[in-house]
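Visitor: Chains as they are written, first to last, in full-length UniProt numbering: chain A, 1 to 276; chain B, 1 to 438; chain C, 1 to 290.
Source of the hints: derived by calculation from the structure; they are not laboratory data.
Do not take every clue at face value.
[Said to hold, decoys possible] Computed far set for chain A versus chain B, every beta-carbon distance over 10 Å:
no.	residue
1	TRP54
2	TYR59
3	LEU171
4	LEU181
[Unchecked claim] Under the rule of at most 16 Å between Cα atoms (straight-line distance), these lysine to aspartate or glutamate pairs were calculated in the EDC-like manner:
no.	chain 1	residue 1	chain 2	residue 2
5	B	LYS145	B	GLU157
6	C	LYS140	B	ASP175
7	B	LYS256	A	ASP45
8	B	LYS256	B	ASP275
9	C	LYS140	B	GLU177
10	A	LYS10	C	GLU54
11	B	LYS55	B	ASP311
12	C	LYS140	A	ASP45
13	B	LYS335	B	ASP274
14	B	LYS256	B	ASP280
15	B	LYS256	B	ASP173
16	B	LYS335	B	ASP46
17	B	LYS432	C	GLU54
18	B	LYS326	B	GLU351
19	A	LYS222	B	ASP57
20	B	LYS326	B	ASP111
21	B	LYS432	B	ASP175
22	B	LYS326	B	ASP354
23	B	LYS222	B	GLU417
24	B	LYS432	B	GLU101
25	B	LYS438	B	GLU428
26	B	LYS77	B	GLU101
27	B	LYS326	B	GLU113
28	B	LYS77	A	ASP133
For every residue, glycine included, the Cβ atom is placed at its ideal position computed from N, Cα and C.
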Amino acid sequence: MSRAVKPQRKALNTVLAWGMGLLIFFPILWTVLTSFKTEAEAIADPPIWFNFSWTLENYFTVQERSNYFRHFWNSVVISVGSTLIGLIIAVPAAWAMAFVPGKRTKDVLMWMLSTKMLPPVGVLVPLYLIFRDLGLLDTRIGLVFVLTMINLPIIIWMLYTYFREIPVDILEAARMDGAGLRDEVVHVLLPMAVPGMASTVLLNIILAWNEAFWTLNLTAAKAAPLTAFIASYSSPEGLFYAKLSAASTMAIAPILIMGWFSQKQLVRGLTFGAVK
Amino acid sequence: MTASIRTLLGASALCATGLAASAETTLTIATVNNGDMIRMQGLAADFTAAHPDIKLDWVVLEENVLRQRVTQDIATKGGQFDVMTIGTYEVPIWAAQDWLEPLDGLSEAYDVEDILPAIRGGLSIDGTLYAAPFYGESSMVMYRKDLMEKAGMEMPEAPTWDDIAAAAEAMTDKDAEIYGICLRGKAGWGENMAFLTAAANSFGARWFDMEWQPQFDGEAWKTTLTTYLDLMNNYGPPGASSNGFNENLALFQSGKCGMWIDATVAASFVTNPDDSSVADQVGFALAPDAGLGKRGNWLWAWTLGIPAGTDAPEEAKTFIEWATSKDYLALVAEKEGWANVPPGTRTSLYENADYTAAAPFAEMTLKSMQAADPTDPAVDPVPYTGVQFVAIPEFQGIGTAVGQQFSAALAGQVTAEQALANAQTLTEREMKRGGYIK
Amino acid sequence: MSTKASRAAARLMISPSVILLLGWMLIPLGMTLYFSVLRYNLLMPGDNPFVGFENYSYFLTDPGFTAAIWNTLALVLGVLVITIVGGILLALLLDQPMWGQGIVRILVIAPFFVMPTVSALVWKNMFLNPVNGLFAHLFKALGLTPYDFLAQAPLASIIGIVAWQWLPFATLILLTALQSLDSEQLEAAEMDGASPLSRFRFIMLPHLARAITVVILIQTIFLLSVFAEILVTTNGGPGYASTNLTYLIYVQSLLQYDVGMGSAGGVVAIILANIVAIFLMRMIGKNLET
């Protein structure tokens with residue numbers, strides 16, 4: 001950014017970029033605004049932008065009908081739990097692939113990714129039967145397991161690309177100093193990989209939070225996360241735009257806020273080895 | 001791990017219902033997100049107050065998702081639910097496979113005999129009840145009295161399809177966003193096919209002849225579909241091919257429909273001034289006919305049943321008795337007014353002067369329900385039972401696939417002839433696969 | 001540095017992942033293969049007789065099958081084109097100096113956090129609905145007849161919704177790649193009198209190739225199994241106009257409870273997904289080599 005830029009040019013960029021940003025963000029903004037309207041205001045034509053009643057009633061109605069906090073907790077436990085367990089399994093694998101690559105390392109990696117291409121609907125009934133027999137239906141442990149397996153390939157791949165960027169010389173220097181394998185990982189590798197790991201964790205929490213097929217089909221009441229919460233609002237009777245907006249806002253707000261606060265960390269590592 | 005999960009469980013239970021006693025049973029209840037069920041959920045405190053040892057967990061889902069979830073669970077004996085909300089289509093099929101606990105030994109006060117015979121018959125096998133109706137419905141014409149008056153017309157109590165077309169034409173004013181008629185267009189056996197199958201009965205059409213041969217290649221279905229398409233293309237709202245019950249309800253409540261032929265339960269929503277901008281202008285009439293002796297109205301009930309193999313059958317039965325009892329109707333009446341009680345299940349309700357005074361649609365609802373006969377739905381004899389459905393397991397799939405074809409015809413993507421031809425081929429295919437025909 | 005000992009250690013470290021994923025893949029796959037040759041309908045319990053390839057022949061001759069294949073491809077390619085072209089343009093814009101870049105980035109990234117179900121519900125009801133949707137209001141304000149998106153252009157509408165969700169992802173990766181571009185190289189080209197277009201064509205685009213490959217790979221994985229958006233908005237219709245392969249299998253196996261046919265469909269989808277995977281691997285192999 002060392003190039004000098006004319007202020008006119010900068011102003012134009014600013015206007016354009018803000019315009020695009022607001023356009024992309026608009027559906028979310030509109031949802032949040034609508035959640036504070038009455039049902040009649042929500043469908044008013046011409047639309048009401050800010051001059052409406054700003055009521056919290058929709059939120060109370062939604063909370064009265066569904067136990068938001070239980071769904072919220074389930075979402076937190078499932079997405080964070082699956083990401084952490086995934087990380088524990090993935091770190092050694094990614095380390096080994098990055099530093100002791102074999103002839104087939106790349107094939108193994110691609111195979112792992114290809115397991116994500118299996119259509120979940122095709123294997124729902126088999127998995128449902130297995131879960132029934134293991135008593136895992138409607139449990140958070142069951143969902144943590146499924147989401148771990150679903151996101152494991154992405155975690156391994158992301159970590160692999162970060163680890164590969166760590167210069168081997170450093171490791172060798174450490175080894176000269178007599179560091180063992182454990183020291184190598186804990187004291188040399190991890191600190192260098194922290195930005196990448198943070199990004200991996202964030203991305204996978206987002207993906208797990210938003211996963212809507214398994215979380216809906218393998219749960220009933222006890223373990224149902226926010227994806228199931230929103231499913232009960234998909235077409236209620238009568239006018240429902242405002243209530244739908246309130247429920248939508250409640251479902252996406254936690255992850256949106258988390259995402260915004262951590263977006264620097266998320267973006268910094270979100271390269272998948274594409275940047276050299 | 002376990003410790004932290006237990007902490008979390010504790011925390012969420014605390015959020016849910018306060019401190020839990022140790023000897024309690026938890027019932028997991030799967031239900032539809034329809035207004036009456038949501039009301040039941042809201043009033044459940046009355047039940048838990050009387051039964052402090054029973055805790056209720058609600059799973060409220062949109063109709064199609066709910067149906068898929070509970071069917072999958074009961075067929076695989078997943079055991080996730082203790083009480084399931086199911087329709088009159090599922091009950092006989094499931095009961096025949098011993099998937100439901102029989103509801104015998106109900107208390108004297110419950111008064112089984114009071115349940116409307118047409119509904120009770122559909123829920124019993126050899127006299128044993130397998131599910132208790134929560135609300136029952138038929139379909140009827142709901143129309144705007146003010147618009148009819150403006151057009152200088154009057155709606156007969158028992159209109160023909162020609163009357164409907166004439167009224168739709170007279171009321172339509174697209175510039176003012178008033179569409180003469182709103183009908184279901186969203187594909188699904190319980191959505192557009194419920195309406196169209198019932199309408200087909202009045203035009204002398206049927207799904208199958210006595211040899212289970214599909215009948216979509218006949219004249220009667222052609223008349224049915226072209227009448228429907230003409231009405232909707234000329235006088236219907238835009239986007240009709242994705243409108244189901246709920247979408248149409250929203251349209252009618254916001255004053256955009258002149259007429260709406262749909263479930264009788266809608267009557268209490270469209271006449272409720274809290275939600276409806278046209279509450280005091282709604283008139284009711286029987287579903288139309290074509291002079292062939294059958295009307296185009298259906299018969300349906302949402303019921304509560306207990307899956308076989310639940311670990312709390314007694315508690316589940318206690319809950320169902322509560323939710324479908326006369327006392328529950330009185331409770332809703334006390335809290336929300338008589339017009340809002342779940343209709344169409346009990347004879348005594350229609351003999352109750354408070355109810356008939358508060359619900360202007362009561363008489364028409366009862367007449368409509370009595371006009372539908374699931375054992376003899378069509379003009380010609382049929383091998384199946386069910387008015388707006390065919391009570392065979394294959395029907396959900398076939399009905400939805402045919403519904404897609406008719407929905408595509410409404411969207412203008414195929415012609416009526418093509419849609420019927422496709423419907424005929426795909427139904428033949430599935431019936432062959434099912435071994436009904438060679 | 002790969003001694004025998006470190007190789008053995010490496011294998012040991014990879015094995016938990018490999019074993020878990022292998023189990024995760026093979027056990028359901030085995031069951032799916034087994035079910036696919038049975039007549040097995042959840043609604044008709046019985047002895048589930050062996051029927052050979054009957055399920056496959058029914059699935060492959062299903063009237064919706066060809067449509068589903070084309071729709072799947074159109075959906076994947078449509079979203080990829082929109083997000084990559086749009087992502088490059090947005091990344092170029094965001095890479096320029098401006099005021100409030102951080103906030104703009106927050107705005108642009110937001111759709112990525114939205115659950116597919118929520119985004120489909122919001123788009124369907126509050127924007128695309130031809131009576132009460134915001135687009136309908138806009139059309140009317142301009143004196144036009146409201147367009148019925150989900151009935152007249154169902155697949156295009158779904159592509160639009162999905163592209164909205166994935167645009168931030170593509171933009172962010174492309175932006176990071178762009179920012180890593182050596183600015184001296186660009187300045188040198190500028191001094192040599194290269195036009196902005198040729199600077200983009202010959203310097204930026206080659207530099208972005210890897211990032212584009214990554215975007216294609218990751219998005220394809222998710223786009224092949226787009227499901228919630230279709231379920232919520234169009235139910236695959238009207239007709240088969242927006243039914244993709246995943247949705248067709250859903251209709252067969254979950255809506256009709258025909259586990260046999262659904263499993264056959266699952267196997268077909270797995271084969272097709274593997275063809276795509278091999279194709280992608282070739283491409284990635286070329287582009288991601290170090």
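Visitor: None of the hints should be skipped; say for each whether it holds.
Guide: Hint by hint, here is what the structure shows:
1. TRP54: Given that every Cβ of chain B is farther than 10 Å from that of TRP54 (chain A), nearest at about 20 Å, it holds.
2. TYR59: Holds: least Cβ distance 16 Å, greater than 10 Å.
3. LEU171: holds (33 Å)
4. LEU181: Fine: 27 Å to the nearest Cβ keeps LEU181 (chain A) off the interface.
5. B:LYS145 to B:GLU157: holds (13 Å)
6. C:LYS140 to B:ASP175: holds (10 Å)
7. B:LYS256 to A:ASP45: holds (13 Å)
8. B:LYS256 to B:ASP275: holds (14 Å)
9. C:LYS140 to B:GLU177: holds (11 Å)
10. A:LYS10 to C:GLU54: Violated: LYS10 (chain A) and GLU54 (chain C) sit about 66 Å apart, past 16 Å.
11. B:LYS55 to B:ASP311: Given that 16 Å is the threshold and the Cα spacing comes to 14 Å, the pair holds.
12. C:LYS140 to A:ASP45: holds (9 Å)
13. B:LYS335 to B:ASP274: holds (15 Å)
14. B:LYS256 to B:ASP280: holds (15 Å)
15. B:LYS256 to B:ASP173: Satisfied, since the Cα-Cα distance of roughly 10 Å is no more than 16 Å.
16. B:LYS335 to B:ASP46: holds (11 Å)
17. B:LYS432 to C:GLU54: Holds: LYS432 (chain B) and GLU54 (chain C) sit about 12 Å apart, inside 16 Å.
18. B:LYS326 to B:GLU351: holds (13 Å)
19. A:LYS222 to B:ASP57: Distance ~8 Å between LYS222 (chain A) and ASP57 (chain B) Cα, so the pair holds.
20. B:LYS326 to B:ASP111: holds (9 Å)
21. B:LYS432 to B:ASP175: Since the Cα atoms of LYS432 (chain B) and ASP175 (chain B) sit roughly 49 Å apart, the hinted pair is violated (cutoff 16 Å).
22. B:LYS326 to B:ASP354: holds (14 Å)
23. B:LYS222 to B:GLU417: Between LYS222 (chain B) and GLU417 (chain B) the Cα gap is close to 8 Å, so the pair holds against 16 Å.
24. B:LYS432 to B:GLU101: violated (33 Å)
25. B:LYS438 to B:GLU428: holds (9 Å)
26. B:LYS77 to B:GLU101: OK: LYS77 (chain B) and GLU101 (chain B) at ~13 Å, within 16 Å.
27. B:LYS326 to B:GLU113: Holds, because 12 Å separates the two Cα atoms, which is no more than 16 Å.
28. B:LYS77 to A:ASP133: holds (10 Å)
In summary, the structure is inconsistent with hints 10, 21, 24 from the numbered list given earlier, while agreeing with the others.
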